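Starting from the known structure of chain W, arrange chains L, X and D with the ligands on it as the hints suggest.
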Amino acid sequence: MKKLINEPGDVVDEMLDGMVAAYPDRLRRLDGNEVLVRSDAPVAGKVGIVSGGGSGHEPTHAGYIGDGMLDGAAAGEIFTSPTADQLDAMIQACDAGEGVLCVVKNYEGDVMNFDTAGEMAGMEDVDVEQVVVNDDVAVEDSLYTSGRRGVCGTILVHKVAGAKAAEGADLAEVKRVAEKVIDNVGTMGMALTSCVTPEKGEPTFDLGEDEIELGIGIHGEPGTERTDVMSADEITDHLTQNVLDDLDLDAGQEVVTIVNGMGGTPLSELFVVNRRLQQLMHDHGLETYDAWVGDYMTSLDMMGCSITVCAVDDELKDLLDAPADTPALKV
Amino acid sequence: MKKLINEPGDVVDEMLDGMVAAYPDRLRRLDGNEVLVRSDAPVAGKVGIVSGGGSGHEPTHAGYIGDGMLDGAAAGEIFTSPTADQLDAMIQACDAGEGVLCVVKNYEGDVMNFDTAGEMAGMEDVDVEQVVVNDDVAVEDSLYTSGRRGVCGTILVHKVAGAKAAEGADLAEVKRVAEKVIDNVGTMGMALTSCVTPEKGEPTFDLGEDEIELGIGIHGEPGTERTDVMSADEITDHLTQNVLDDLDLDAGQEVVTIVNGMGGTPLSELFVVNRRLQQLMHDHGLETYDAWVGDYMTSLDMMGCSITVCAVDDELKDLLDAPADTPALKV
Amino acid sequence: MADRETQRAAVIAAVERVADRMTAEKTYLTELDSAIGDADHGANMARGFEAVREKIADADADADPGDLVKTVGVTLISEVGGASGPLYGGSIMSASTELADGITAESSVAFAEAYLAKVKDRGGAELGAKTMVDALTPAVHTYKKSIETDDLPPLEALAKAVDAAERGVNYTVPLRAQKGRASYLGWRSVGHQDPGATSTLFIMEELLATAEE
Amino acid sequence: MADRETQRAAVIAAVERVADRMTAEKTYLTELDSAIGDADHGANMARGFEAVREKIADADADADPGDLVKTVGVTLISEVGGASGPLYGGSIMSASTELADGITAESSVAFAEAYLAKVKDRGGAELGAKTMVDALTPAVHTYKKSIETDDLPPLEALAKAVDAAERGVNYTVPLRAQKGRASYLGWRSVGHQDPGATSTLFIMEELLATAEE
Ligand SMILES: Nc1ncnc2c1ncn2[C@@H]1O[C@H](COP(=O)(O)OP(=O)(O)O)[C@@H](O)[C@H]1O
Ligand SMILES: Nc1ncnc2c1ncn2[C@@H]1O[C@H](COP(=O)(O)OP(=O)(O)O)[C@@H](O)[C@H]1O
Ligand SMILES: [Mg+2]
Ligand SMILES: [Mg+2]
Ligand SMILES: [Mg+2]
Ligand SMILES: [Mg+2]
Chain W
1 MKKLINEPGD VVDEMLDGMV AAYPDRLRRL DGNEVLVRSD APVAGKVGIV SGGGSGHEPT
61 HAGYIGDGML DGAAAGEIFT SPTADQLDAM IQACDAGEGV LCVVKNYEGD VMNFDTAGEM
121 AGMEDVDVEQ VVVNDDVAVE DSLYTSGRRG VCGTILVHKV AGAKAAEGAD LAEVKRVAEK
181 VIDNVGTMGM ALTSCVTPEK GEPTFDLGED EIELGIGIHG EPGTERTDVM SADEITDHLT
241 QNVLDDLDLD AGQEVVTIVN GMGGTPLSEL FVVNRRLQQL MHDHGLETYD AWVGDYMTSL
301 DMMGCSITVC AVDDELKDLL DAPADTPALK V
Chain L
1 MKKLINEPGD VVDEMLDGMV AAYPDRLRRL DGNEVLVRSD APVAGKVGIV SGGGSGHEPT
61 HAGYIGDGML DGAAAGEIFT SPTADQLDAM IQACDAGEGV LCVVKNYEGD VMNFDTAGEM
121 AGMEDVDVEQ VVVNDDVAVE DSLYTSGRRG VCGTILVHKV AGAKAAEGAD LAEVKRVAEK
181 VIDNVGTMGM ALTSCVTPEK GEPTFDLGED EIELGIGIHG EPGTERTDVM SADEITDHLT
241 QNVLDDLDLD AGQEVVTIVN GMGGTPLSEL FVVNRRLQQL MHDHGLETYD AWVGDYMTSL
301 DMMGCSITVC AVDDELKDLL DAPADTPALK V
Chain X
1 MADRETQRAA VIAAVERVAD RMTAEKTYLT ELDSAIGDAD HGANMARGFE AVREKIADAD
61 ADADPGDLVK TVGVTLISEV GGASGPLYGG SIMSASTELA DGITAESSVA FAEAYLAKVK
121 DRGGAELGAK TMVDALTPAV HTYKKSIETD DLPPLEALAK AVDAAERGVN YTVPLRAQKG
181 RASYLGWRSV GHQDPGATST LFIMEELLAT AEE
Chain D
1 MADRETQRAA VIAAVERVAD RMTAEKTYLT ELDSAIGDAD HGANMARGFE AVREKIADAD
61 ADADPGDLVK TVGVTLISEV GGASGPLYGG SIMSASTELA DGITAESSVA FAEAYLAKVK
121 DRGGAELGAK TMVDALTPAV HTYKKSIETD DLPPLEALAK AVDAAERGVN YTVPLRAQKG
181 RASYLGWRSV GHQDPGATST LFIMEELLAT AEE
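Residue numbers (the numbering used here), protein chains in the order written: chain W, 1 to 331; chain L, 1 to 331; chain X, 1 to 213; chain D, 1 to 213.
Isolated chain W, as found in the complex (with noise of 0.2 Å):
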């Protein structure tokens, strides 16, 4: 493994530090924390949005931190959900009085610690409502299952909160807004090759030469089956199909959509897969309000990508296109 990093365990903090010093009038670190929250953190008058889950997704979570967006955002280890201390820490930094909106990913770990989390900055008195994101489609979700991940969607969740809570809605209007998009979202990921943790050094899976993994997630975990090597446009007409399957859209419907490139893969790849994407939004009779390409919710250095379809309606495409001004998104 080669890594343009210094300690294996050190690159949490010290990426933190970096971003900070990239971004001094805006980013402010949580002494002792492994935290970042806007530099004028809390803002007077506003709901305050919180993110967080485990790091190697950036620019994800903190890239997002600014006006329009998150007002803090919490780094657990590589992969790891932070601690319900670091948690409970940066919900009461974001509380300005009128509450606090926590966008967590449907993980066990990001569940469990944001509950416990909840339950602590309750106890001094903060509003604190929680969103769970969960528009990854490749995960059957079941009684019998922990349930669909939550992963490119969640940029969505945070940018109509964001705008949202920027207007001075209150916490259950920021709330409604978020879960409309969580009610219209859907994700699927593919992987072309394994990412590499830090700490263990090697692929998290083995994938051979003319093998790809299919419905991902962005843990570098392994996907929910493996096929032959496929062109980008297969590729993305089996991500896409199962997306829309899922969703189950009429005709005329507007999206908005999203190729997530994981971490490693040249933009030009995932520009070749827009392309086709936005071929098949045509055919299927949907029209495209808006075509995001980039890497927004990434998994190390992974080369793949996922496919978001969101449907808008008026309300969430006024949210979408509200000024946003973060590192790592403006509008």
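What the hints contain is simulated information worked out from the structure, not anything from laboratory work. If you're wondering where the values come from, they're calculated on a predicted model, not measured in any experiment. Treat each hint with caution, since some may be false.
Claimed, not checked - When the alpha-carbon atoms are kept at most 27 Å apart in a straight line, the in silico DSS-like pairs for lysine-lysine are as follows:
id : chain 1 : residue 1 : chain 2 : residue 2
1  : W       : 2         : L       : 2
2  : L       : 2         : D       : 26
3  : W       : 330       : L       : 330
4  : X       : 26        : X       : 118
5  : W       : 330       : L       : 317
6  : X       : 55        : W       : 2
7  : L       : 330       : W       : 317
8  : D       : 120       : D       : 70
Just chains L, X and D with the ligands now, with coordinates in the frame of chain W:
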């Protein structure tokens, strides 16, 4: 080799279509050419700023098309500069009568093709000027080499020239500020891994598990030196020292820095590098006016980074801070 | 059972042993987590127990044995994260109240039961979901029965519990996961051993070794 | 030399041969360019001459041989890009004027000299800079001397020129590059064969084979 592509020979064509599909309101493809221009090109009353070169550096070049930066970008085959007739078509499409500045990176292919294109457009009465960016301090600049390469510093030239043109300055003024950046910027890069071009399908150079390349360019060419693996801090020290030796700045000088990813590097690692870089700026008595971290000028899927330092005065600071609205950079 | 000082020393010795073991098994646990998870269980457990080792070394000399156990839980909560942090840490913390009056055969049964209940409550996993619950449940059942029904001495009861946990670990191999990250793999999780069940067994083995000393 | 139709046929046959050869050597040329460049010379040359093959097949039946050669140059300019596009294409285009009155022994010498001059002018490389100039120069010198001084028949002169080009290619190996991407490597470029010199040799070999037919 596994890539998200269809046929290796179709990557550039499909990538360009995929970009237009992502930004239909912003970008337009010139008929029958591998050239993207602003959808409203030529912009009346404004000097046109164009760039171009081989593909494989995304978001360079077309990602920087938009208000305050480029009017057009020509995409050659992967790592192969565009042909003169494509460059000519681009120059003509971006000329509103105020002339066009070509931002060329110092490679013989780019320079020769832009020269020819400039002559061709000149015959159609377009006022064409050229600046040649050569910020790569790893290459000795002498009569006996083809001179220093143009690498990531080019982005700053795009930004500054684009901002000046947006102000309504004339061609000579726009060229002057572009050259001011060129005179004040230095870059050096390194690779942990080689990139894999779609055509070749294998690493351009072989690097052992314990080796890295220093002084690489952005075309997957081997570097000037191969060494044992080093830590992120050691690599940062080495690259920065070479750049600073070249620039020879006075204490107190304000600078803009870039930690640029080569395409396959996780963003987390770039922030680890930025942490050290900002310590070094501080140790050298330099004042970081702005620190950029991200993938600006890549080499496909190569893992590695480059470090750019540019000395800035009030004029350059204003131009860097001026608004820009492009897919890859918004200010 | 033993006096307060012996109990304190036993907790400290157990912590040392478990920390050593987790650090030694870091690669192996991560290997198991690579196959059906996200390759961090070894790092999580080692980081957690190394922190516990330090915290306990600094602990107040007149802290009760039960307080020490609580410190173990609290430290794991704030150092581990992930799913295993709240499951191990939260459950140890909450079950530690059963040891308020010292560590006896009875109170250790109560602790074990409370711990199991908390893990199941937090994580929502039933038996056979291919989680740490599969190792923990037979171990706790066996321990309780050995002490309360068979009147075995704690050391023997613990040895039997370890044996039961080991069966539980093996039992996870052929199951399809229903909870945790492994559940995302669907049928592909079958044939792999659960990391959390395995680390549960390792901890119990070290408790037994401590008791034997 | 031969009549206009034979000349036309010869140009077309040469284009076919060169295109076949470039496509066959694509991997090899790219291999050479990987070592000291950016791994695209094979793709560039193959793409370029495949385009030339098509263009020439579509060419006007009454185009002069010299026009056909010009078409080769123009097509390379607009299809190859990189450094080799303007160097090969631009120089062929500009030198093609020497063939306006047909392809004769004399006009072929004039073409060769004009072509070499243009390559050197465009690229600014002197002898020994480890570029195509190193293969081209001895080949053109030898060809000119063989025809003008030794009065050899063009076929023999061409054979000697190919031989000279081959020495030039071998000569590039031990040199340090001063132009082209290989110059970025500094001393590390020593010991590698220049791709452009090599493709120059291949083209000449195919011209010779065409002439022999
Ligand atoms: N809902 C749950 N109930 C019980 N145990 C669980 C649950 N989810 C996960 N586990 C246990 O946690 C282990 C994984 O821990 P770890 O890898 O440290 O956390 P994460 O899954 O967050 O990466 C699994 O092997 C399993 O035994
Ligand atoms: N300045 C120059 N003068 C003469 N030949 C050159 C010059 N620069 C490059 N070449 C030739 O071009 C070859 C490389 O061509 P190619 O790989 O197609 O273009 P690029 O270098 O743009 O990738 C080199 O091997 C060399 O022979
Ligand atoms: Mg984890
Ligand atoms: Mg090239
Ligand atoms: Mg895990
Ligand atoms: Mg080349």
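Worksheet item: Checked against the structure, which of the hints given earlier come out wrong?
Response: 6
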